[in-house]
Amino acid sequence: MTSERSSGRPSVRATTSTLTLANWWDHFLARWGVNRMGHRVDPGLYALGQPKPDSPVFVTANYTLSFDALRSALPNTDAYLLVLDTEGINVWCAAGKGTFGTDELVQRIDAVGLAEVVRHRDLILPQLGAPGVNAHEVKRRSGFNVKYGPVRAADLPAYLSARQATPEMRRVRFGLLDRVVLIPVELVHVLWPTVAAAIVLWLAAGGLFAAGILAAVLAGVVLFPALLPWIPTRDFTSKGFVLGLAASAPFALTLLLWKQGGPAWIAPAWAGAFLLMALPVTGFLALNFTGSTPFTSRSGVRREIQKYTRLMAAMFGGGIILLIALIVIGLVIER
Amino acid sequence: MMSSVSAANTLEYDAERCVNCGLCSAVCPHGVFAQGEGAAEVVNAEACMECGACQLNCPSGAIQVESGVGCAYALMRAALKGERESDCCGGGDTTCG
Ligand code: SF4
Ligand code: SF4
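Chains as they are written, first to last, in my numbering: chain A, 1 to 335; chain B, 1001 to 1097.
For reference, chain A alone in the conformation it holds in the complex:
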């Protein structure tokens, strides 16, 4: 970093507001969790358009999706983009970790020699970087004023012309698109355990049972994020139960009709074992989605864990025991 300074003129790289096919491909891979930590931009100072000493300075993270969202939101704008080293993590998450933070910002301002590049002393930060940045301390240590811009990069043009953020721009939203783009990586997370469980269940309990559990998993990782605001009930786990019941009901009914032969209670017992296992699967996946939303407080999630973990473990354990008993009984009856 010191070398950039001692070379006399700080190095400024050029960038544009246009996203290329290669950028879109990179975003696609990032969404699917491919090479998770590899979607990085070199930290440092970038020139967008033909910035002059009076042009605004925007600060962002060195995650390609963050950097690209910023520059593509600023077509026909002359500006400097100051990219912090957040180790390839987006602004919100890096701010929570502290890597999008006061120290890194102050050091980066110094490393790129920003005070010599621009005449003014204002930085525009994404509002969601605020959990990591102490504006007053940045001012004291670097002389630069932190101005928190809007939550969404797309609101930047409006913010620039009004020179302030409306309350609407300050609120985080978690719209359908915001939720749907998270589905691929959720799918990738559960892929191998799900495949393994499906194979075991297929062999032990039959294809219908395995397919039902698969449906419960998909309800948790695909339908849940997509339908989140429309599922009745308040907390995540109970929303998961509701959705899980909707996804599992057809399979439970089919089991009820299909598992004939033997005593009359056999079919209901199969359906019961299935539901006992399927519902906590969806509930658990729904509870896990809390980590991906910009809404849940740690206090709230802690309360939910205390409320539901034992119940879900008991249901799932009970379901497995019942299933094993039914498999053994089935073998005995066959003899």
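It should be emphasised that the hints constitute simulated quantities derived from the structure, not laboratory data. Among the hints, a few may not be true.
[Unchecked claim] Taking beta-carbon pairs under 7 Å as the criterion, some of the chain B residues facing chain A (in silico):
hint, residue
1, SER1006
2, THR1010
3, ALA1026
4, PRO1029
5, MET1049
6, GLU1050
7, CYS1051
8, LEU1056
9, TYR1073
10, LEU1075
11, ALA1078
[Said to hold, decoys possible] Sample of chain B residues lacking proximity to chain A, with all beta carbon distances greater than 10 Å (derived):
hint, residue
12, MET1002
13, SER1003
14, ASP1014
15, GLU1016
16, VAL1027
17, GLY1038
18, VAL1042
19, GLN1064
20, GLU1066
Just so you know, these numbers come straight off a predicted model, no measurement behind them. Glycine is no exception: its CB is placed at the ideal position from the N, C-alpha and C atoms.
Chain A is already provided as a structure; the job is to place chain B with the ligands on it using the hints.
For chain B with the ligands alone, coordinates are given in the frame of chain A:
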């Protein structure tokens, strides 16, 4: 005096210490604070997600909150293994900009 604003979270606020700089209402992503006449006002206490932005940016120490990520996976792993609560923040890219 610092006092809790909602039973739903750990946010505490002391209006007497507020110097009305307006930063808390600027940084909060859930509109918990609003600018008032002489001091910031809590207008949406339940919505606080404990991100910690207001506390970190308050110049007068008028706000306290136990900040942390509301992520079930991290909390459960911490409970099971006795580890420090890390985070597993996954999303928010489109919102982050
Ligand atoms: S902790 Fe975050 S969500 Fe809660 S009031 Fe402060 S800024 Fe708002
Ligand atoms: S950040 Fe602190 S001093 Fe500034 S308005 Fe909010 S409570 Fe008051």
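Here is what the structure says about each hint:
| no. | hint | in the structure |
| --- | --- | --- |
| 1 | SER1006 | violated, 9 Å |
| 2 | THR1010 | holds, 6 Å |
| 3 | ALA1026 | holds, 5 Å |
| 4 | PRO1029 | holds, 4 Å |
| 5 | MET1049 | holds, 4 Å |
| 6 | GLU1050 | holds, 4 Å |
| 7 | CYS1051 | holds, 5 Å |
| 8 | LEU1056 | holds, 5 Å |
| 9 | TYR1073 | holds, 5 Å |
| 10 | LEU1075 | holds, 6 Å |
| 11 | ALA1078 | violated, 10 Å |
| 12 | MET1002 | holds, 17 Å |
| 13 | SER1003 | holds, 16 Å |
| 14 | ASP1014 | holds, 18 Å |
| 15 | GLU1016 | holds, 19 Å |
| 16 | VAL1027 | violated, 4 Å |
| 17 | GLY1038 | holds, 20 Å |
| 18 | VAL1042 | holds, 15 Å |
| 19 | GLN1064 | holds, 13 Å |
| 20 | GLU1066 | violated, 7 Å |
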